[in-house]
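**Student:** Heads up: the sequence lines are chains A and B, in that order. For the first sequence, this note's numbering gives the first residue as 1, with consecutive numbering after it. For the second sequence, this note's numbering gives the first residue as 1, with consecutive numbering after it.
Treat the hints loosely; a few may be bogus.
[As the list claims (entries may be wrong)] The calculated label-pair distances, taken between Cβ atoms and stated as ranges, are:
id : chain 1 : residue 1 : chain 2 : residue 2 : range
1  : A       : Asn30     : B       : Gly53     : 19 to 29 Å
2  : A       : Arg22     : B       : Ile60     : 26 to 36 Å
3  : A       : Arg15     : B       : Pro79     : 48 to 58 Å
Just so you know, the hints here were simulated from the structure itself, not pulled from any lab data. Don't be surprised by glycine CBs; every beta carbon is placed ideally from N, CA and C.
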Amino acid sequence: ETGVTQSPTHLIKTRGQQVTLRCSSQSGHNTVSWYQQALGQGPQFIFQYYREEENGRGNFPPRFSGLQFPNYSSELNVNALELDDSALYLCASSLVQGGNGYTFGSGTRLTVV
Amino acid sequence: AQSVTQPDIHITVSEGASLELRCNYSYGATPYLFWYVQSPGQGLQLLLKYFSGDTLVQGIKGFEAEFKRSQSSFNLRKPSVHWSDAAEYFCAVGAGANNLFFGTGTRLTVIP
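Excised from the complex, chain B in its bound form (with noise of 0.2 Å):
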């Protein structure tokens, strides 16, 4: 069965500072990956996916994420975190191409 673990409910980073949020999916084929962030009371706009390929992929908003498959991990970055980052972030993976399964999401705080 797929399944998606965000580890961290919630993390607070510091403006200017780095940014890695992690996923780990289990699925028994080779997924689709994708991370969406959304803010509050809004619906999800897509950061960046993972089909097949290079396993570093790069997205809107100078986010980047890794895929390895040994870990079953699709973590996000981000070297420099700005105020507008804060937001709720999800991980999914793609059943075929049917649906989405998410993780619990990780909330993102920055202060200045």
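So here's chain A without its partners, still in its complex pose (with noise of 0.2 Å):
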């Protein structure tokens, strides 16, 4: 059984560029969701995705965007990108929208400078 897998491991752009993040869910999980954590804080949720559609967001704005492919994989795009998004950006997928638990990958690390 594949755990969580994200690319890249680490990531440098210039404020005001846009970025894409990877995410390959464990094998079986049909819903992914995406966590920012800052430096000493722990996780914020961004926004999940289930068959494809968005299925919750938290407090993150439209420049965070998000898609799942039918394979389940999945992509976190921001746009516009801001000093403040520097952070680790992690991926957790689930079975049946989270209800037995997540299992996390082990996150990108973006720099925004």
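Take the two lone chains and join them into the complex the hints point to.
**Tutor:** Shown next as structure tokens:
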């Protein structure tokens, strides 16, 4: 059974640029969630996708967007990057919308300069 | 509104000593509760979860947690800490089925 894999592991971008982060869900999981973890903080929910549709969103602006593909892999896109977007971005997959808990990837460390 | 409070930012214990990490939550219904552990530069690993039933939950690596509805608490315990337990620990409450609200974490240091 494969876990959740995220790419890239590290990324440096310039303010104003756009970035795409990728996630491959654990085998058999049909739901994917994205979280932002700023330094020294707990993860904060960005949004969740279920059956390729957004199924819940946290307090993040529209420049944070996502996609889920038929194979349940997912992308997080962030436009017009700001310095405060620097964080660890975590992807979590689950079965049946989290009813049995979430499996997290190791994250993508994004630095905006 | 949902919230999770982990009152201890940093705890230091000696190897072999017992451990209790505190977690208090606020949620309008019966919550789903989780404890995750995060090593430096890594993602989150699930230690244990509570959905319903027995309020004392056993997890991996010798951890357990007890759900106390009257105190809105879900404290994590381990009878004897190992040096490899040094990490950041996060308590989380599940808001229905959609997402998790996390506390700010407790950093555990283990001294020999």
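**Student:** Take the hints in turn and mark each one as holding or not.
**Tutor:** Do the hints match the structure? See the list:
In this structure the supplied range 19 to 29 Å holds for Asn30 of chain A paired with Gly53 of chain B, their Cβ-Cβ distance being about 25 Å. Distance hint for Arg22 of chain A and Ile60 of chain B: a CB-CB separation of about 28 Å, consistent with the stated range 26 to 36 Å. Distance hint check: the CB atoms of Arg15 of chain A and Pro79 of chain B are about 49 Å apart, consistent with the given range 48 to 58 Å.
When each numbered hint is compared with the structure, no violation occurs for any of them.
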